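Peer 1: Listed in order, the protein sequences are those of chains A, B and C.
Residue 198 in the working numbering sits at position 198 of the first sequence, with consecutive numbering throughout.
Residue 37 in the working numbering sits at position 37 of the second sequence, with consecutive numbering throughout.
Residue 395 in the working numbering sits at position 395 of the third sequence, with consecutive numbering throughout.
Please keep in mind that the hints were generated in silico from the structure rather than gathered at the bench.
From a predicted model like this one, the values you see are computed outputs, not experimental measurements.
Heads up, none of these hints are tricks.
Sample of chain A residues at the chain C side, in silico, Cβ under 10 Å:
#: 1; residue: Ala28
#: 2; residue: Tyr36
#: 3; residue: Glu42
#: 4; residue: Phe45
#: 5; residue: Asp83
#: 6; residue: Ile94
#: 7; residue: Thr102
#: 8; residue: Ile105
#: 9; residue: Ser117
#: 10; residue: Thr122
#: 11; residue: Ser125
#: 12; residue: Glu131
#: 13; residue: Ala155
#: 14; residue: Gln174
#: 15; residue: Thr195
Estimated spans, in silico, between C-beta atoms of each pair:
#: 16; chain 1: B; residue 1: Met159; chain 2: C; residue 2: Leu63; range: 57 to 67 Å
#: 17; chain 1: A; residue 1: Ser67; chain 2: C; residue 2: Leu508; range: 29 to 39 Å
#: 18; chain 1: A; residue 1: Thr3; chain 2: B; residue 2: Glu13; range: 52 to 62 Å
#: 19; chain 1: C; residue 1: Gly584; chain 2: B; residue 2: Thr176; range: 37 to 47 Å
#: 20; chain 1: B; residue 1: Lys12; chain 2: C; residue 2: Gly203; range: 17 to 27 Å
#: 21; chain 1: C; residue 1: Leu508; chain 2: B; residue 2: Arg17; range: 46 to 56 Å
Don't be surprised by glycine CBs; every beta carbon is placed ideally from N, CA and C.
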Amino acid sequence: MMTIIVAVAVILVIIAGSQLLKIAELRAQSKGELIYEVSEKEAKFQGILMLVFFISFMAFFAWQMCSWYGLRLPVSASVHGVDTDWLTGLTYIIITPTFILTNGILFFFCYKYSYSSTRKATFFSHSNKLEAAWTTAPALVLTVLILYGLSSWNAIMTPIPDETDHITIELTGQQFTWTARYAGEDKKLGRSHVTLIEGVNATGVDADDENAKDDKIVKGEFHLPIGMPVQFVFRSLDVLHSAYFPHFRSQMNCVPGITTQFNFIPTITTEEMRKITNNEKFNYVLLCNKICGAAHYNMQMDIVVESQEDYDKWLAEQKTFVE
Amino acid sequence: MTTVTVENINYKEEIRRKTSKPLMWMGIVSIIMFFGGLTSAVIVSQGGGSFLSIEMPFSFTISTFVIILSSLAFHVGLISINKGSYTIAKISVLITLLLGCLFVVTQYMGWVALYESGVYATGNQSTQESSFIYLLTALHVVHLIGGLVSLIVVLVKTMKQKYSLDNSLGMQVSITYWHFLGGLWIFLFFFLRYTIA
Amino acid sequence: MSTHHHHAKDFLFTYIFSTDHKMISKQFLVTGFLMGFLGLIMSTLFRLQLGWPGESFEMIEMLMGSWQEGGVMSPDKYLALVTMHGTIMVFFLLTAGLSGTFSNLLIPLQIGARDMASGFLNMLSYWFFFISCMLMLASLFVEGGAASAGWTIYPPLSALPEAIPGSGAGMTLWLVSMSIFIVSSLLGSLNYIVTIFNLRTKGMSMTRLPLTIWAFLLTAILGVLSFPVLLAAALLLVFDRSFGTSFYLSDIYIGGQVLDHTGGSPILFEHLFWFLGHPEVYIVLLPALGITSEIISTMSRKPIFGYRAMIGSMMAIAFLSFIVWGHHMFLTGMNPFLGSVFTFTTLLIAIPSAVKVFNYLTTLWKGNIVFTPATMFSVGLVSTFISGGVTGLILGNSALDINVHDTYFVVGHFHIVMGLSAIFGMFAGVYHWFPKLFGRMMNNKLGNIHFWITIVCAYGVFFPMHFLGFAGVPRRYYTNSEFPMFNEMIDINVFISICAIIALVGQLVFFFNFVYSAFRGPRAPQNPWKGNTLEWTAPVEHFHGNWYGEIPAVYRWPYDYSKVNAAGEYVYGEDYIPQTTPLGDDEKDGGEH
Ligand code: HEM
Ligand SMILES: [Cu+2]
Ligand SMILES: [Cu+2]
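All chains, full assembly: derive it from the sequences and hints.
Peer 2: Below you can see the structure in the form of structure tokens.
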């Protein structure tokens with residue numbers, strides 16, 4: 001029934017629309033006008049709408065900033081994240097005015113120069129000076145951004161040297177869970193391979209490898225000590241995943257067949273972050289950020305950042321691989 | 001109507017004359033990019049290191065000579081058309097075609113030899129290298145079959161004496177493609193030799 | 001009887017297997033739009049899920065039938081829809097639909113040729129496209145559903161049916177369809193390039209070509225150079241999926257067992273894919289930029305500012321687009337030095353892009369802008385090109401990309417800069433050249449309404465996505481409700497979804513206008529917009545060969561609008577001087593005074 005009513009309504013609208021168009025055309029004809037010719041009045045009106053649109057667009061932008069900007073990620077909880085946030089801020093300082101200004105000029109011109117039968121357009125076809133100016137200006141700005149960008153990129157991507165005190169954690173992605181493995185006392189991860197997966201050994205750690213004996217495997221949640229460089233090694237058992245730590249401004253793909261790596265230094269404990277965000281239930285979380293199957297949207301693991309003592313205590317409670 | 005209508009201007013012939021060869025060339029460019037993609041894939045895969053080396057079958061070397069000869073024969077065909085000697089032209093095109101078929105045969109023999117020496121295209125005993133060697137050569141043969149079809153058309157037209165000094169466009173296009181296929185094979189031959197084999 | 005037979009044959013060769021570029025153009029347009037409309041409906045369906053997760057919708061049940069009993073979308077069907085939406089929009093609507101329509105229509109008409117280099121290949125190009133559309137749509141109905149690995153179909157997800165149901169028959173059809181699509185696209189591109197280089201009329205030198213033609217030329221060159229590589233990538237994937245090779249697969253444990261594949265690498269696929277994938281965004285964008293350059297100049301009654309700079313910047317963009325593909329792969333564990341190189345090349349693209357924007361603005365400056373719907377959409381394109389372009393500076397910078405990669409920030413960015421810009425360009429082109437396509441005029445009022453609904457809703461949909469990105473919301477998530485940290489996002493999602501629904505309804509205005517005008521719109525005069533380019537010298541009615549008698553010769557560049565002499569009067573009494581008007585004694589060509 002509903003369908004029939006809708007169908008009838010649609011047909012009526014179409015017929016009515018066609019009639020209206022026809023009538024409009026005939027009316028224009030009777031006045032000796034062509035319906036598709038844009039009158040001065042119409043052009044002016046659209047010109048004003050352009051300006052109105054620009055103003056509303058900016059109001060919309062401002063409204064979004066007020067209502068939604070507050071939802072952004074809290075301050076970076078890693079050392080390098082502070083840098084990248086700073087550079088992001090710098091980029092915004094450059095692009096926001098550019099965005100507003102160029103859009104403004106665009107819509108203002110549309111308003112200002114809308115068609116008038118009495119005005120002549122100015123024949124202005126090129127100017128080497130102007131063109132040179134707006135080639136160089138972006139080039140200069142970009143030079144700054146590229147230089148800053150590359151220096152932080154290189155700093156972030158350099159692996160932690162062995163001499164530096166750090167912990168090593170292997171994260172393995174698998175449809176649709178994460179597993180963390182701590183390198184243990186010897187600070188060395190044991191070998192692992194998919195062919196060794198068997199029963200409880202869900203990530204295929206090589207039991208014959210000396211380095212693997214003291215490795216500790218945890219699921220559900222893993223802990224990090226504050227201020228300590230963490231060297232992550234990523235693996236995947238099946239498809240591509242991506243280990244995304246939004247609060248630490250870190251991300252790296254997990255690729256089956258190879259290992260990838262990333263490191264960061266956590267700087268804010270979970271407790272402190274709860275205070276900062278004013279949210280009792282706040283938790284750092286690791287997400288999957290590369291489409292990996294039906295439950296991709298729910299592949300997560302909690303992260304707890306705590307003091308060195310708490311961390312040591314927690315780690316001591318975890319079982320080693322051989323146990 | 002008294003105006004000149006388009007129908008009485010034979011523009012189609014003119015368009016064909018102006019564009020057949022460029023179309024072939026652009027086609028060749030896209031085929032080059034296709035094989036370019038695949039050969040870069042070989043190089044990227046080998047970035048990983050470990051690869052076993054595969055013995056190139058001897059019949060691939062024979063293929064190389066066969067295809068060079070066939071290109072030469074085709075060229076002789078074109079020259080004789082321009083000179084008006086149809087008999088030689090017919091024979092040369094026929095020889096080209098036969099050599100083209102022989103090329104396919106030698107390729108096949110090459111695959112058999114590979115297979116017998118334990119180099120597999122697919123399955124768990126295959127490696128990327130072993131798959132690539134079959135794939136690249138087979139894809140070349142696929143393109144070559146297009147060339148063979150065009151050769152048959154050229155042969156029929158030569159038989160019917162359709163070509164002449166100023167009307168050999170079809171043959172020229174076909175020859176361009178055929179030389180290209182020859183060049184492509186030679187490239188693949190050396191490429192495979194120095195990357196995989 | 002025999003005349004009847006003759007008619008049937010006529011019909012077949014005029015409307016179906018036509019080799020005439022104008023008919024083929026219309027075929028591409030209609031097919032492309034229908035596909036685009038389906039893509040749009042898909043996006044609305046999954047927007048329902050994102051706005052009101054887990055709720056049941058009659059619309060979903062009605063449209064998806066037994067797929068989604070109860071009207072609640074399931075996660076794998078969500079991914080299937082997202083994948084199909086992306087594929088259809090990028091390839092079917094904005095590659096084939098956009099280039100296919102306007103390259104076919106305008107190349108012969110604007111350079112003064114009677115047809116494409118090869119009408120036959122051109123026809124094949126359309127029919128291959130048609131077949132690939134059918135196969136792509138058919139994949140929605142096979143067991144396991146349509147391909148679900150995202151439009152980028154990264155293996156191993158796309159290679160293993162165990163990993164997601166859509167990677168079974170659906171993915172097979174996707175690959176077959178795309179391979180045919182690539183052949184279609186190549187046939188088209190070869191034709192465009194050769195036509196432009198070889199069939200220009202007398203006097204039509206490369207520096208007198210309208211910018212549309214330059215854009216189509218560069219687009220076609222990008223296509224010829226990059227699509228074959230995607231074909232290669234797809235082929236290797238077919239082998240991995242069906243014949244047991246290991247190009248992309250290695251060390252995989254899935255469904256309780258270890259697979260036989262060893263030695264391959266999914267990264268290889270990413271390289272091959274993005275070698276096409278990045279140029280692809282310019283294949284989508286350049287035609288739109290060319291179209292709007294032409295329209296903005298014509299309708300503001302001014303020469304395009306910086307004709308040569310426009311060509312130069314398009315060339316620069318086209319060239320650079322081949323050496324930036326790595327910016328999609330910063331986080332695949334690639335060598336950091338390589339990442340630096342890609343950051344550098346990527347950010348360079350901002351320079352020619354900025355030049356284009358400033359040139360558009362200067363063209364409007366002191367113009368006399370006639371606001372047809374085509375003009376409005378062109379202005380819309382400049383706006384979206386700016387708004388989407390600026391965020392590229394964040395994404396292209398590898399250090400910053402770490403944190404926004406694959407989040408909704410990206411979705412907002414590419415929809416605005418590529419999706420909206422290209423769609424706006426396409427709409428602009430349709431409104432502007434409708435008289436050439438159908439010999440009738442579209443209705444301006446409805447066109448204006450369509451424009452305002454579209455731009456308002458489009459910004460309403462895609463601007464807020466940046467804020468989701470700031471909060472770290474990943475893309476391709478079926479719902480954000482599983483993470484407490486995203487609880488507050490629901491407002492934004494509802495807002496976006498409502499805008500998306502209104503946008504969909506707004507497009508109905510366009511479709512009505514389109515269909516009505518094609519059949520009953522007022523008849524078009526030969527040169528309704530007082531344009532300079534050659535297509536407006538051709539008769540309104542369509543026939544093979546485009547011009548009766550000789551093809552007109554060309555004597556000047558296409559942008560002599562409002563050219564005045566020393567006395568400040570229009571040189572030839574009108575504010576436009578068609579390219580066919582010989583240069584006067586004291587006149588210079590190319591915008592020189
Ligand atoms: C009003 C119209 C549209 C809406 C509401 C819309 C909405 C969306 C949304 C929400 C997503 C992300 C889904 C997710 O990540 O879970 C998406 C993905 C996408 N859209 Fe659109 N879109 C629209 C039009 C377009 C257009 C015109 C294009 C053309 C370029 C386009 C191309 C894409 C692509 C390439 C993807 C990525 C698909 C993937 O992740 O594999 N969309 N769309
Ligand atoms: Cu995952
Ligand atoms: Cu890109």
